[in-house]
Amino acid sequence: MKLRKGFNWFEGLNWLLLGLLALLMAFPFWSVLAMSFSKPEAVYEGLFLLWPKGLTTVAYSAVFSNALFLRALQNSIIVTVAGTALSMLLTISLAYPLSKKAIIGSSTMLFLAFFTMLFSGGIIPTYMLVKELGMLNTLWSLIVPSALSVFNLMIMVSFFRSLPAELEESAKIDGSNDIGILARIIIPISLPVIATLTLFYAVSKWNIFFQAVMFNGNPEQMTLQVLLRQMLLQTTSEAVDAASNIPNIGASIKMAMIIIATVPILIIYPFLQKYFAKGAMIGSIKG
Numbered sequence: 001m002k003l004r005k006g007f008n009w010f011e012g013l014n015w016l017l018l019g020l021l022a023l024l025m026a027f028p029f030w031s032v033l034a035m036s037f038s039k040p041e042a043v044y045e046g047l048f049l050l051w052p053k054g055l056t057t058v059a060y061s062a063v064f065s066n067a068l069f070l071r072a073l074q075n076s077i078i079v080t081v082a083g084t085a086l087s088m089l090l091t092i093s094l095a096y097p098l099s100k101k102a103i104i105g106s107s108t109m110l111f112l113a114f115f116t117m118l119f120s121g122g123i124i125p126t127y128m129l130v131k132e133l134g135m136l137n138t139l140w141s142l143i144v145p146s147a148l149s150v151f152n153l154m155i156m157v158s159f160f161r162s163l164p165a166e167l168e169e170s171a172k173i174d175g176s177n178d179i180g181i182l183a184r185i186i187i188p189i190s191l192p193v194i195a196t197l198t199l200f201y202a203v204s205k206w207n208i209f210f211q212a213v214m215f216n217g218n219p220e221q222m223t224l225q226v227l228l229r230q231m232l233l234q235t236t237s238e239a240v241d242a243a244s245n246i247p248n249i250g251a252s253i254k255m256a257m258i259i260i261a262t263v264p265i266l267i268i269y270p271f272l273q274k275y276f277a278k279g280a281m282i283g284s285i286k287g
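Numbering (full-length UniProt numbering), first residue to last: 1 to 287.
In short, the hints are calculated from the structure, not lab data. One or more hints might be untrue.
[Claimed, not checked] Derived EDC-like pairs (lysine to aspartate or glutamate); straight-line CA-CA distance at most 20 Å:
1) Lys131 / Glu220
2) Lys100 / Glu220
3) Lys100 / Glu169
Being a predicted model, the structure only gives us computed values, none of them experimental.
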């Protein structure tokens, strides 16, 4: 390997600026993480903590021993898993026929889907529809109304149209039908875009908030984000302190809940990263 002579100042400046930008983005998360593992007294006093002061997991113990939190965590997991699965099923099953220009009406249907991105019924009609369907105060109100993202649908349609038509033609010659082609050929070679859209849907379902506030008034159906908001808006931590028998632990619990609400999505990304890298190379290599 031949080393380059001299120093590339432009490349070095890029690395420096991107490194500083990454540190600026990571610092708030690191600060919250340090406070969540610090003594409640230090967090309550508002001390600037770059490293945990008096390393302890008492805040996490208090959070996971709270029945309301466990219920909210369970609801968020159900909404994320079931909602993402339903969304991907609808997106793939709708995008595949809409990607076929030869199908009569596919262009019209695609335009109608795109039209909903520009104009929607609004909050009140949406609420009335959910109410008439009997989904108020249920987790279904967080899954069904937002089951399909037209933006993600457009991405999937565009990807399907970029696939070589010869793949399907050869499969039809071998006697395969459209469902078999989709399941055995199209989906396996579409894993990069499927992984990307799965992450998009999962993040959206995990962070769902407005619909959870609007459609769910039952505390038993509360999601993690709504519970986190309630705790962050508390002006005092007396109720939390009384429940945990640890003075001044309210602020530490808030930090712990922020970390718990953020980490699951961060954990998912490394498993999908290889598909992102592969997806970025699609179309750049011709054989």
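*Violating hint indices (sorted, rising)*: Of the numbered hints given earlier, the structure breaks just one, which is hint 2.
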